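Visitor: Listed in order, the protein sequences are those of chains A and B. If you count by the numbering used here, then the first sequence holds residues 2 to 280, one letter each, in order. If you count by the numbering used here, then the second sequence holds residues 2 to 280, one letter each, in order.
Bear in mind the hints are in silico, worked out from the structure with no lab data behind them. Careful: at least some of the hints might be erroneous.
For chains that are exact copies, the list does not tell them apart, and a pair is met inside one copy or across any two.
[Unchecked claim] Mimicking SDA-like on lysine to any residue, the simulated pairs with C-alpha atoms at most 25 Å apart in a straight line are:
| id | residue 1 | residue 2 |
| --- | --- | --- |
| 1 | K263 | T104 |
| 2 | K210 | L192 |
| 3 | K8 | N240 |
| 4 | K191 | G18 |
| 5 | K61 | A196 |
| 6 | K29 | Y241 |
| 7 | K61 | F123 |
| 8 | K222 | E142 |
Being a predicted model, the structure only gives us computed values, none of them experimental.
Chain residues, written in single-letter form:
Protein chains: 2
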Amino acid sequence: MDLDRLKHETYYRSLGGGNERIGAGLMKKIGRRVDFENAYPPYFVLVYVLRGEGEYVDFKGTRHPLSVGDFFYRMPGFIHSNYIVPESGWTEYFLEFGRNIFTAFRELGVVREDRPVGRIGFSALICEEIAAQISLLRRAEEDELPGAFMKSLSIFSEFIKRADMKSTQSADAEMLRQACSYLGGDFKNKLNLEAFCLKNGWGYEKFRKIFQAKTGISPGKYRVRRRIDMACQMLKNPNYKINEIAVELGYSSPYEFSAQFKRFTGISPLSFRTGKNDK
Amino acid sequence: MDLDRLKHETYYRSLGGGNERIGAGLMKKIGRRVDFENAYPPYFVLVYVLRGEGEYVDFKGTRHPLSVGDFFYRMPGFIHSNYIVPESGWTEYFLEFGRNIFTAFRELGVVREDRPVGRIGFSALICEEIAAQISLLRRAEEDELPGAFMKSLSIFSEFIKRADMKSTQSADAEMLRQACSYLGGDFKNKLNLEAFCLKNGWGYEKFRKIFQAKTGISPGKYRVRRRIDMACQMLKNPNYKINEIAVELGYSSPYEFSAQFKRFTGISPLSFRTGKNDK
Chain A
2 MDLDRLKHET
12 YYRSLGGGNE
22 RIGAGLMKKI
32 GRRVDFENAY
42 PPYFVLVYVL
52 RGEGEYVDFK
62 GTRHPLSVGD
72 FFYRMPGFIH
82 SNYIVPESGW
92 TEYFLEFGRN
102 IFTAFRELGV
112 VREDRPVGRI
122 GFSALICEEI
132 AAQISLLRRA
142 EEDELPGAFM
152 KSLSIFSEFI
162 KRADMKSTQS
172 ADAEMLRQAC
182 SYLGGDFKNK
192 LNLEAFCLKN
202 GWGYEKFRKI
212 FQAKTGISPG
222 KYRVRRRIDM
232 ACQMLKNPNY
242 KINEIAVELG
252 YSSPYEFSAQ
262 FKRFTGISPL
272 SFRTGKNDK
Chain B
2 MDLDRLKHET
12 YYRSLGGGNE
22 RIGAGLMKKI
32 GRRVDFENAY
42 PPYFVLVYVL
52 RGEGEYVDFK
62 GTRHPLSVGD
72 FFYRMPGFIH
82 SNYIVPESGW
92 TEYFLEFGRN
102 IFTAFRELGV
112 VREDRPVGRI
122 GFSALICEEI
132 AAQISLLRRA
142 EEDELPGAFM
152 KSLSIFSEFI
162 KRADMKSTQS
172 ADAEMLRQAC
182 SYLGGDFKNK
192 LNLEAFCLKN
202 GWGYEKFRKI
212 FQAKTGISPG
222 KYRVRRRIDM
232 ACQMLKNPNY
242 KINEIAVELG
252 YSSPYEFSAQ
262 FKRFTGISPL
272 SFRTGKNDK
């Protein structure tokens with residue numbers, strides 16, 4: 002790919018009845034030192050570094066060096082700065098989304114404000130896809146925009162997947178896998194997490210810290226969550242009575258089951274099954 | 002695909018720090034007439050009909066027949082019912098998402114509450130993808146879940162794209178294309194939409210109605226939106242001064258430009274350019 006031949010080019014298109022828009026572009030930032038400083042952007046952007054050197058300062062003040070193959074987010078509500086080595090020939094692709102997608106992705110843990118920088122390396126394939134997306138936004142008919150939006154999402158998902166694969170090679174990943182598998186099953190019985198850690202030669206307190214840092218929630222809450230996931234699954238099967246599900250999942254009573262299910266999902270088990278509001 | 006060999010199977014997995022989860026499954030509903038009645042689901046589901054006959058009643062009371070190759074939504078906040086011909090061997094795949102994705106998709110016009118039923122026909126490829134997704138949810142490690150979520154979205158996007166292609170074959174599509182192209186350009190000059198309609202042999206009032214129904218907004222608002230999109234694009238190019246952009250886009254003054262930009266995006270043109278809050 003001949004970066005010198007690529008030209009500065011950006012397109013934006015609004016979708017839907019609200020004020021949401023998507024954007025995509027290639028930007029060259031030559032001779033500039035400050036790109037964004039203490040910026041607090043109202044939109045959600047993924048920036049992919051094609052060339053150049055720079056630095057990203059996140060909302061906590063942590064500094065992340067940037068070079069070819071890195072990507073970073075500008076996130077609505079999170080102050081950040083990014084600086085460029087002026088003569089490094091900075092060239093970036095970007096994909097822009099509205100606030101709502103950020104809200105959804107953040108809630109789902111797909112995007113985390115404490116991980117604003119990732120690395121996938123330089124990928125000619127992804128570059129081609131973004132280039133195609135830029136030209137799609139330029140020429141898209143109105144009825145092609147929902148498809149174009151989904152295409153932006155699918156490129157975004159490539160970043161998530163590739164960066165994910167990297168993170169799973171980390172030293173703690175295997176421990177985390179085993180712990181999740183232990184915590185995510187055998188709901189009929191009470192678990193002894195301390196004994197489990199001991200057996201595997203892990204310090205309990207250190208384990209808890211790593212678990213929380215990596216998954217964003219505590220081991221105990223994780224277990225409840227998997228139990229609720231299993232409840233959802235069983236509720237979709239009309240062969241199980243709600244009482245039976247409570248027993249199967251180790252609740253001391255259907256009332257305890259109902260209360261916890263409601264606390265986590267906002268609705269009762271029956272309401273989840275029938276789709277009816279039971280206030 | 003031998004539907005008789007497929008078994009009832011559903012999986013749910015929570016993601017992130019909130020209480021959002023995704024689900025996928027195959028459901029067989031035999032001998033049942035009422036599936037959901039006046040349901041008001043708290044989640045967002047896409048249901049794809051693999052076999053059987055039925056009917057969907059949307060929040061306005063409009064009835065939509067359902068058969069193989071149709072899909073429909075259960076949308077949070079929108080009451081609906083769906084009925085099944087008991088002996089039709091009803092078999093469905095479903096993909097479930099949380100509320101946040103629905104909010105984002107609805108705001109973007111990707112999902113519209115006034116189009117809760119669509120048709121893509123029976124697709125063995127999509128069936129395979131959903132089947133793979135079901136088994137992925139069953140066995141996914143925690144660090145695979147963001148990727149799994151994106152995969153659900155990409156399957157969802159196939160429905161959107163295929164159903165879109167269908168809608169663009171409608172009789173009004175060509176008129177809409179021409180109108181969008183007319184309204185979406187030449188911002189320096191005032192347009193005469195009535196004359197444009199006349200020239201093309203379209204009744205002005207009828208045109209406005211169809212435009213509003215198909216795009217969800219009026220022709221005038223559509224034009225402003227495209228103008229704001231163009232403003233975003235030009236603001237990303239540091240070679241343009243904000244005054245120049247105002248002139249280029251036909252605003253009578255930079256103040257008028259600023260005011261309209263702010264009304265649509267929530268921020269000033271300068272703030273969009275720099276990412277800084279300028280209150």
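Visitor: All hints, please: hold or fail.
Guide: We went through each hint and held it up to the structure:
no. : hint        : in the structure
1   : K263 x T104 : both (23 Å within a copy, 21 Å between copies)
2   : K210 x L192 : within (19 Å within a copy, 62 Å between copies)
3   : K8 x N240   : between (61 Å within a copy, 13 Å between copies)
4   : K191 x G18  : between (50 Å within a copy, 23 Å between copies)
5   : K61 x A196  : neither (36 Å within a copy, 57 Å between copies)
6   : K29 x Y241  : between (60 Å within a copy, 15 Å between copies)
7   : K61 x F123  : neither (27 Å within a copy, 50 Å between copies)
8   : K222 x E142 : between (46 Å within a copy, 17 Å between copies)
Going through the hint list in order, the structure does not satisfy hints 5 and 7.
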